[in-house]
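First residue of the sequence shown? That's 6 in the numbering used here, and the numbers climb one at a time after it.
Hints in this document: simulated from the structure, not taken from any laboratory. Watch out, some of these pointers could steer you wrong.
What the hints assert, rightly or not - Label-pair restraints from in silico Cβ distances:
hint : residue 1 : residue 2 : range
1    : Gly359    : Glu81     : 23 to 31 Å
2    : Gly59     : Ile361    : 35 to 43 Å
3    : Ile361    : Glu247    : 40 to 48 Å
4    : Glu139    : Tyr62     : 41 to 49 Å
5    : Glu139    : Gly214    : 47 to 55 Å
6    : His147    : Gly85     : 50 to 58 Å
7    : Arg367    : Thr284    : 16 to 24 Å
8    : Gly381    : Ser166    : 24 to 32 Å
Said to hold, decoys possible - BS3-like, lysine-lysine: derived pairs with alpha carbons at most 27 Å apart:
hint : residue 1 : residue 2
9    : Lys249    : Lys285
10   : Lys128    : Lys86
11   : Lys204    : Lys287
12   : Lys300    : Lys285
13   : Lys207    : Lys174
14   : Lys249    : Lys287
15   : Lys300    : Lys287
16   : Lys86     : Lys41
17   : Lys128    : Lys207
18   : Lys249    : Lys207
19   : Lys363    : Lys18
20   : Lys207    : Lys288
21   : Lys204    : Lys300
22   : Lys300    : Lys312
23   : Lys287    : Lys207
24   : Lys128    : Lys363
Everything numeric in this text was worked out from a predicted model, so none of it was measured. Note that beta-carbon positions come from the ideal geometry of N, C-alpha and C, so glycine has one too.
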Amino acid sequence: MAMPIIISNLERKKGKSRPLYQQISNQVRFHIESGKLNPGDRLPPISDLVNQCGVDYKTINLALQDLEREGLIRCELGRGKGPIVTRNSNCKYSIMFIRWNRDVLSLEISDGIQRFATQRGLKYVIVDASQSHEHVIDAIAHPIQNVNGIVMMPHERSGYSQAVLGFLKTGRKMVFVDRVLDDIPVSSVSIDHVSGAFKATKHLLGAHGLPVYYVGSTNDPSSVRDRLVGWSVAMRQHGFAEIKPYICGFSQPEHELATDENLGLKSDYDATRNLLSTTKEKKISIFAVNDNVAKGIYTVAESLGLKIGIDLYIASFGNMPLCEQLTVPLTSVMQSNELIGYEAANLLFMSLLGEIKKPVRRVLPAEVIIRASSTGAISERQDCSNQQVSLVK
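Could you put the whole structure together from the sequences, leaning on the hints where they help?
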């Protein structure tokens, strides 16, 4: 039985599109390479394809000849017999992930890419940048031979845009994860940073009626700018028209903090200590830009004798494993890193097949995982821990 094929959206204006036979062969090729058609499946007879596409026999025959030359189909003699699919791909695409760091974010994104690559039979290459901007730029400018596309997490630093544009000029494809470069036309996949920050901040405002301080980077990358927007929308919705006094930002640019863990910890510590030691409020709510920043806030708060979930309510972003392991479990926005990687690889694959013509910026739904740090519902484990500390003292 012939497999139904839907050929749609053929551009028929002369001079403004590819020839009709190429458009048809591209769409059939997509059905084959995406796995919708498998070896042994039979395409509709040529006469059916002629009627379906609204073209003449010559156009259909040219399209099928292209596919047969590539080894994707085999045409058989005989009235009413459609071509047979012979294999899923005329080439084995190779995709590369430039892994910025060996942290949870990068490793889980890599897992998602690998899962997709395995399902689709793609070659998967990982380049470990070891938190070196120079290594990233070099990997883009001089990619491994036969790599068709790259998934990467960009930084707003000199050299990145030029390297990316140079790579794209070769005709190969790229997808950004987690953040974007605003001036570069590249597809991307990330969590919905705006919505996640909005929901977390709204949760804190609704739970305690206190203004929520923003602690973290504010200028770059695009992900933190989006989180700042989400936080600010929630604040203004709750009547805080002037929000600048509640922003506790880091002075160093993110691309510097990303390469020096100690510098990042110091920025976090200094900003938080300044906020907590100067505020006149008896209780305070904080939205931390990520879980590592939140962990630093815990350290500073405890050094000042403040209790998380009692004196200080906090929500964060990332939902890393440490959220459950802190003395008071941390409320955080789940980032779905593995799914981000999977969808980024899918987007890259669609681009390689020619199904995506213009950059797509896809955001995945964000969910806040509520725990004791933002609710004040301190667990029995924390109560016992506090009692034990008091006895020791």
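Going through the hints against the structure:
1. Gly359 - Glu81: 23 to 31 Å: Because 27 Å falls inside the window, the suggested range holds.
2. Gly59 - Ile361: 35 to 43 Å: This hint is violated: roughly 25 Å between Cβ atoms.
3. Ile361 - Glu247: 40 to 48 Å: holds, 42 Å
4. Glu139 - Tyr62: 41 to 49 Å: violated, 57 Å
5. Glu139 - Gly214: 47 to 55 Å: holds, 49 Å
6. His147 - Gly85: 50 to 58 Å: For Gly85 against His147, whose Cβ atoms are near 53 Å apart, the range 50 to 58 Å holds.
7. Arg367 - Thr284: 16 to 24 Å: Check failed, 39 Å falls outside 16 to 24 Å.
8. Gly381 - Ser166: 24 to 32 Å: About 46 Å separates the Cβ atoms of Gly381 and Ser166, which means 24 to 32 Å is violated.
9. Lys249 - Lys285: holds, 17 Å
10. Lys128 - Lys86: Given that 27 Å is the threshold and the Cα spacing comes to 35 Å, the pair is violated.
11. Lys204 - Lys287: holds, 24 Å
12. Lys300 - Lys285: Answer holds: Lys300 to Lys285 is near 23 Å, not above 27 Å.
13. Lys207 - Lys174: Violated, because 44 Å separates the two Cα atoms, which is more than 27 Å.
14. Lys249 - Lys287: Holds, at about 20 Å.
15. Lys300 - Lys287: holds, 21 Å
16. Lys86 - Lys41: holds, 20 Å
17. Lys128 - Lys207: violated, 43 Å
18. Lys249 - Lys207: Cα-Cα ~17 Å, so holds.
19. Lys363 - Lys18: Within the cut-off at roughly 20 Å; holds.
20. Lys207 - Lys288: holds, 17 Å
21. Lys204 - Lys300: Distance of about 20 Å is within 27 Å: holds.
22. Lys300 - Lys312: OK: Lys300 and Lys312 at ~13 Å, within 27 Å.
23. Lys287 - Lys207: The given pair, whose Cα atoms are some 20 Å apart, holds under the 27 Å limit.
24. Lys128 - Lys363: OK: Lys128 and Lys363 at ~24 Å, within 27 Å.
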